[in-house]
Amino acid sequence: MANKLHLRVVTPSKDFYDDDCDMVILKTIDGDTGILFGHQPLTTVLDLGYLRIIDNGEEKKSTLLGGFAKVNEHGLTVISDAAEWADEIDVERAAESRKRAEERLERGSGDPSSDIDVQRAEAALRRALLRLDLAGLKK
Amino acid sequence: MASMRDIKRRIKSVNSTRQITKAMNLVASSKLNKAKLRMEGTKPFAEETRKVIAEIGSSMGGLDHPLFGKQPDGKKTLIIVITSDKGLCGGYNSAVCKEAMSLCEGRDVKLITIGSKGRDFFRRRNMNIDRSVVGISERFDYNDASAIGSRALKLFKDKEVDSVYLVYTRFISSISSTPKVIRLLPVDADDFKDEVSHKNVLTLYEPSEEQVLDYVVPRYVNTVVFGGMVESSVCELGARMAAMDAATDNAEEMIENLNLLYNRVRQGAITQEITEIVSGSNALE
Numbered sequence: 002m003a004n005k006l007h008l009r010v011v012t013p014s015k016d017f018y019d020d021d022c023d024m025v026i027l028k029t030i031d032g033d034t035g036i037l038f039g040h041q042p043l044t045t046v047l048d049l050g051y052l053r054i055i056d057n058g059e060e061k062k063s064t065l066l067g068g069f070a071k072v073n074e075h076g077l078t079v080i081s082d083a084a085e086w087a088d089e090i091d092v093e094r095a096a097e098s099r100k101r102a103e104e105r106l107e108r109g110s111g112d113p114s115s116d117i118d119v120q121r122a123e124a125a126l127r128r129a130l131l132r133l134d135l136a137g138l139k140k
Numbered sequence: 013m014a015s016m017r018d019i020k021r022r023i024k025s026v027n028s029t030r031q032i033t034k035a036m037n038l039v040a041s042s043k044l045n046k047a048k049l050r051m052e053g054t055k056p057f058a059e060e061t062r063k064v065i066a067e068i069g070s071s072m073g074g075l076d077h078p079l080f081g082k083q084p085d086g087k088k089t090l091i092i093v094i095t096s097d098k099g100l101c102g103g104y105n106s107a108v109c110k111e112a113m114s115l116c117e118g119r120d121v122k123l124i125t126i127g128s129k130g131r132d133f134f135r136r137r138n139m140n141i142d143r144s145v146v147g148i149s150e151r152f153d154y155n156d157a158s159a160i161g162s163r164a165l166k167l168f169k170d171k172e173v174d175s176v177y178l179v180y181t182r183f184i185s186s187i188s189s190t191p192k193v194i195r196l197l198p199v200d201a202d203d204f205k206d207e208v209s210h211k212n213v214l215t216l217y218e219p220s221e222e223q224v225l226d227y228v229v230p231r232y233v234n235t236v237v238f239g240g241m242v243e244s245s246v247c248e249l250g251a252r253m254a255a256m257d258a259a260t261d262n263a264e265e266m267i268e269n270l271n272l273l274y275n276r277v278r279q280g281a282i283t284q285e286i287t288e289i290v291s292g293s294n295a296l297e
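Chains as they are written, first to last, in this note's numbering: chain A, 2 to 140; chain B, 13 to 297.
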């Protein structure tokens with residue numbers, strides 16, 4: 002069918018998605034952005050968030066942990082550190098890393114020298130929450 | 013001449029060596045197949061990242077970004093060397109280290125080594141090792157690479173070094189590989205010229221070109237480091253496979269020669285015994 006957006010998602014470990022769809026919604030650092038067929042060329046930086054792929058009225062949802070997106074005449078290419086569908090998420094591991102991150106944040110706050118660690122823990126916490134959230138949605 | 017027992021013992025010991033090298037060869041070749049699949053899987057990621065850099069680089073033309081530039085290297089260089097943790101892989105490690113060594117000449121070098129072989133090599137030569145990562149040459153993920161990449165970027169941004177190189181092993185085929193040097197920083201947009209498919213497309217950068225670049229370049233560095241690690245691990249296994257194959261062949265040849273010698277000695281002993289018996293019975297007559 003014409004007027005479909007070609008989406009390609011690549012991560013360091015694999016080619017995550019490579020197909021046509023109607024619309025893609027991503028979370029850029031400026032907020033959620035929907036991309037349709039024929040979008041103007043764009044390169045943007047992504048935040049931790051969801052990737053929502055809408056095709057024929059159906060929505061597929063996966064995590065998308067940072068990276069960047071590029072739109073050109075061939076379609077949309079997303080280059081991300083990690084992406085996973087709900088059923089690929091290791092819930093136990095995510096819950097564990099959430100606990101770890103929370104502990105670290107509690108210990109680290111108030112100590113200016115551990116600034117980077119706090120940032121890292123926060124990022125880890127956000128990743129874990131995102132994963133848990135998506136895995137929970139599916140249940 | 014060696015006694016029969018000595019030769020027998022030699023044969024036994026060479027044979028057990030042969031069994032080990034043969035097993036290692038098989039292990040390496042099965043790991044190699046897995047590693048090759050992994051390499052295929054990481055290729056699209058690296059290619060797409062390169063494309064984005066290429067496009068931004070070409071559309072921005074003369075943009076003045078601290079991470080971009082064509083300026084010749086200063087004296088202070090950071091070299092990231094990718095080696096293996098385990099030996100018994102032929103000239104794999106020494107080839108990479110030699111390549112890195114020749115790059116060091118005439119520069120004030122800091123090193124980041126991956127793999128214990130590289131660490132030992134440069135420590136023995138009293139080089140300035142900024143950081144060494146060991147124990148990950150077979151099991152590593154993108155996070156390991158990005159930790160190394162961020163360290164390199166930090167040194168570059170703090171002006172501790174004014175160029176960053178990566179020395180890794182390039183995969184040609186399962187039995188052939190060659191060490192390769194690439195300059196990671198500053199990024200030279202000209203390197204990507206061939207990859208830009210369409211020029212002068214008006215592209216929107218959100219939030220801004222600089223911010224996109226600030227984000228993409230570190231990612232590019234990490235990607236290249238990761239790609240280098242993946243490729244090197246494939247080469248390591250390939251080299252080990254080839255080395256073990258050669259070792260097995262050599263062991264087989266040795267066993268063959270020793271068997272020949274053994275039979276000759278045995279025959280000699282029998283002949284001597286017969287001579288003794290015959291001469292003994294002749295003396296009795």
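Worth flagging that the hints you see were computed from the coordinates, not collected in a lab. Note that this is a predicted model, so its numbers are computed, not measured. Even for Gly, the Cβ is constructed at its ideal location relative to N, Cα and C. Treat the hints loosely; a few may be bogus.
A few chain B residues that face chain A, going by a derived Cβ cut-off under 10 Å, partial list only [as the list claims (entries may be wrong)]: (1) 60; (2) 151; (3) 158; (4) 235; (5) 239; (6) 274.
Heads up, simulated BS3-like pairs for lysine-lysine below, C-alpha to C-alpha not over 27 Å straight-line [unchecked claim]: (7) B:171 x A:15; (8) A:28 x B:63; (9) B:55 x A:61; (10) A:28 x B:55; (11) B:55 x A:62; (12) A:5 x B:55; (13) A:15 x B:34; (14) B:192 x B:55; (15) A:15 x B:48; (16) A:5 x A:28; (17) A:5 x B:63; (18) B:63 x B:166; (19) B:48 x B:34.
Now the stretches of chain A that chain B is said to cover, found in silico as 3 or more residues with beta-carbon under 8 Å [stated by the list, open to error]: (20) 23 to 29; (21) 38 to 45.
Cross-check of the supplied hints:
1. 60: Residue 60 of chain B check passes; min Cβ-Cβ to chain A is 5 Å, inside 10 Å.
2. 151: 13 Å, violated
3. 158: 8 Å, holds
4. 235: 7 Å, holds
5. 239: Hint on residue 239 of chain B: holds, closest Cβ of chain A at ~9 Å, below 10 Å.
6. 274: 54 Å, violated
7. B:171 x A:15: 35 Å, violated
8. A:28 x B:63: 22 Å, holds
9. B:55 x A:61: Cα-Cα ~25 Å, so holds.
10. A:28 x B:55: This hinted pair holds, its Cα atoms lying about 25 Å apart.
11. B:55 x A:62: 25 Å, holds
12. A:5 x B:55: 26 Å, holds
13. A:15 x B:34: 32 Å, violated
14. B:192 x B:55: 17 Å, holds
15. A:15 x B:48: Answer holds: residue 15 of chain A to residue 48 of chain B is near 13 Å, not above 27 Å.
16. A:5 x A:28: Since the Cα atoms of residue 5 of chain A and residue 28 of chain A sit roughly 20 Å apart, the hinted pair holds (cutoff 27 Å).
17. A:5 x B:63: 23 Å, holds
18. B:63 x B:166: With Cα atoms ~24 Å apart, residue 63 of chain B and residue 166 of chain B stay inside 27 Å; holds.
19. B:48 x B:34: 21 Å, holds
20. 23 to 29: This one is violated; 1 residues, fewer than the three required, reach chain B with a Cβ under 8 Å.
21. 38 to 45: It holds, with 5 qualifying residues against the three required.
When each numbered hint is compared with the structure, violations occur for hints 2, 6, 7, 13 and 20.
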